[in-house]
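S.K.: As a plain string of letters, each chain reads:
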Amino acid sequence: MTTDPVIAMPDQWLQMYGQMLRIRVFEEQVNELYTSGKMPGLAHLYIGEEAVAVGVCQALRRDDYITSTHRGHGHCLAKGAAVDRMFAELLGKEPGYCHGKGGSMHIADPETGNLGANAIVGGSTGIAAGAALSARLRGTEQVAVCFFGDGALGQGLLYEAMNMAALWKLPVIYVCEHNRYGEYTPAAEASAGDPLARPAALGIAADEVDGQDVREVYAASLRHVARARGGGGPGFLMCHTYRFRGHHVGDINRSYYRPNTEEEQWARERDPIRLLGLGLIQQRMADAAALERIEREVRAEIASGLEFALAAPYPDHGEVTQHVYA
Amino acid sequence: MSMLSQATAGVPRAAGRELTFGQAIKEALAEEMRREPRVFIIGEDVAEAGTVFKVLSGLVEEFGRERVIDSPISEAGITGIGVGAAMTGMRPVVDIMFGDFITLAMDQIVNQAAKVHYMSGGKLRVPLVIRTTMGATRRSAAQHSQSLYAWVAHVPGLKVVLPATPADAKGLLKSAIRDDNPVVFFEDKMMYQLKGPVPDGEYTIPLGVADVKRTGTDVTIVATSSMVHVALEAAGRLDGTGISAEVVDPRTLLPLDAETLIASAQKTGRVIVVDEGYQQFGVTAEIASVIAEGAFDSLDAPVARMGAMNVPVPFSPVLEDQTVPTAEAVARAAMRLCGRA
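Top line first, the protein sequences correspond to chains A and B. So the first sequence is numbered by my numbering: it starts at 2 and just counts up by one. So the second sequence is numbered by my numbering: it starts at 10 and just counts up by one.
Just so you know, these hints were derived from the structure itself, not from any lab. Idealized CB from N, CA, C, for every residue including glycine. It cannot be assumed that every hint is accurate.
Unchecked claim - To spell it out: a stretch of chain A is covered by chain B in this simulated footprint if at least three of its residues, at any positions, have a beta carbon under 8 Å from a beta carbon of chain B; those stretches are:
1) 88–99
2) 111–117
3) 197–210
Stated by the list, open to error - List of simulated lysine-lysine pairs, DSBU-like, C-alpha gap at most 30 Å:
4) 204/B x 170/A
5) 183/B x 39/A
6) 276/B x 132/B
7) 132/B x 204/B
8) 39/A x 94/A
9) 204/B x 183/B
10) 63/B x 170/A
11) 183/B x 94/A
12) 63/B x 204/B
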């Protein structure tokens with residue numbers, strides 16, 4: 002439980018509880034859509050990592066920027082995207098956020114500061130720094146958050162971008178969602194030494210939190226955002242988390258790269274939504290009835306969003322040549 | 010390259026002032042930076058050094074280090090920063106010193122800049138210019154001499170500009186900066202000292218409009234960038250043999266002004282495409298194909314191609330000079346095409 006009473010406001014925690022649950026139920030529905038053959042392409046589920054997106058985005062203004070990843074549904078929703086248009090995009094439908102031309106891995110929503118999910122691992126680390134430079138040049142006091150996974154720790158662009166962010170004190174926060182596996186490879190086999198020592202070596206304020214505890218993520222994010230917005234330069238936040246499902250929906254048999262017992266233990270003991278719910282009840286910030294009410298509302302919203310997307314039209318064939326050039 | 014200093018045919022007729030190619034580039038940047046505060050420059054040694062080619066000298070003094078930003082040697086990083094800044098309201102000009110180094114930034118150019126507008130369903134835009142160089146015969150060997158624009162001209166979503174004269178360079182760069190799309194702008198580093206007339210006052214040249222640099226009736230030489238001057242010299246030589254050569258400069262590869270190329274081919278019936286990129290799978294192949302498809306019924310001979318030799322660019326001058334098309338070789342090819350050799 003947080004030690005900072007200033008940020009311990011019941012309404013905010015309930016909002017974050019609802020937001021995490023919205024992501025969870027959304028992703029469960031994506032899984033269902035995919036396995037029942039209704040959704041084309043690929044789906045990388047965020048289930049288990051909800052506290053990271055929600056804790057970070059809760060600390061942002063609506064006009065602050067984020068860049069996201071191939072596992073991006075949670076970031077988009079946490080930054081304010083609407084469920085119905087998300088589903089529509091995943092189904093390749095006209096009212097989707099990108100008119101069906103981006104799909105699961107490329108949802109962008111500039112109205113909520115979302116500069117887009119990116120299916121190149123580490124591909125947006127420079128874009129986030131550029132958005133931060135842009136905010137500085139335009140004098141807007143916006144900050145940019147770059148979400149990336151531990152897999153991106155192997156990409157050189159990350160270090161080029163962090164180097165310049167540090168040199169020029171750009172208002173950008175690099176949020177590493179360390180979920181322990183890059184695709185099917187344990188992080189320890191892919192990353193030498195202490196990953197946190199890398200930003201630290203560049204003089205970037207770097208720390209780590211339990212990514213299953215949204216309270217910790219939120220508190221750390223507030224500190225990073227305040228420093229970046231105030232001109233104190235970039236930050237690096239390592240969130241230790243776990244992807245409860247496979248690398249993508251089709252990754253069913255996973256025992257060759259991680260034991261079932263490990264998955265079961267995380268799901269049983271480290272579920273970020275259950276952890277927050279129990280904490281709120283213990284601290285008397287909410288009762289079970291309140292949490293159930295939130296869940297009912299979320300499930301209704303997801304159901305109606307899905308209904309909208311299933312009924313929505315596909316884009317006209319002519320859409321294929323639209324927006325190649327501005 | 011003595012022909013470069015004389016080659017001024019085909020530029021806009023205008024009041025008599027001459028600038029070098031490099032001065033024209035700088036003038037375009039300065040004018041656009043005065044006009045639009047969102048334009049800034051980022052790259053290696055762009056500020057006080059004014060780049061290794063000294064093209065940008067004086068800009069940091071006028072616009073300050075906030076808008077002329079010296080970066081580390083991080084081509085992918087500065088390109089990514091350019092993309093992100095462009096997506097959020099700025100109009101960056103990223104300077105990549107040698108065109109060979111765009112290989113380091115290819116993901117950011119090809120997977121990010123080129124696709125953001127499309128993937129976002131038109132909601133995000135990337136008004137970004139990447140200025141870089143091209144061209145051999147500088148004795149710089151295999152990693153500082155290539156003309157790699159075919160790599161980016163392959164990618165939908167990008168625009169690709171190849172200016173051949175100071176006047177074109179200025180007008181095209183101003184258009185590139187005002188364009189809402191990512192534009193890769195290739196400057197032949199051997200042409201920075203080339204002088205030519207540049208109109209006084211404000212003007213732009215639209216992207217996607219070819220320029221007939223010299224009119225003729227017997228053979229069309231389609232040439233890009235530095236090869237425009239090679240083609241003009243070849244055309245001069247051909248005059249003495251009674252062959253009238255037309256020289257057409259596409260000026261931009263993307264968009265490509267196919268209409269003008271095809272019209273010239275229909276008029277002359279014979280075409281040579283000359284370009285400094287590698288010949289294999291390159292610009293000459295694409296343009297030859299566009300002309301063959303568009304002007305087939307008018308052609309008296311297959312479209313001929315002359316690109317750079319398909320070898321890494323060698324260092325030794327006696328070797329390097331063999332790799333790039335020359336006026337003599339172009340003239341010889343034209344004579345062959347016209348049945349004179």
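S.K.: Looking at the structure, which of the earlier hints fail to hold?
M.R.: Numbers 3, 4, 5, 6, 7 and 11 - these are the hints that the structure violates, sorted from lowest upward.
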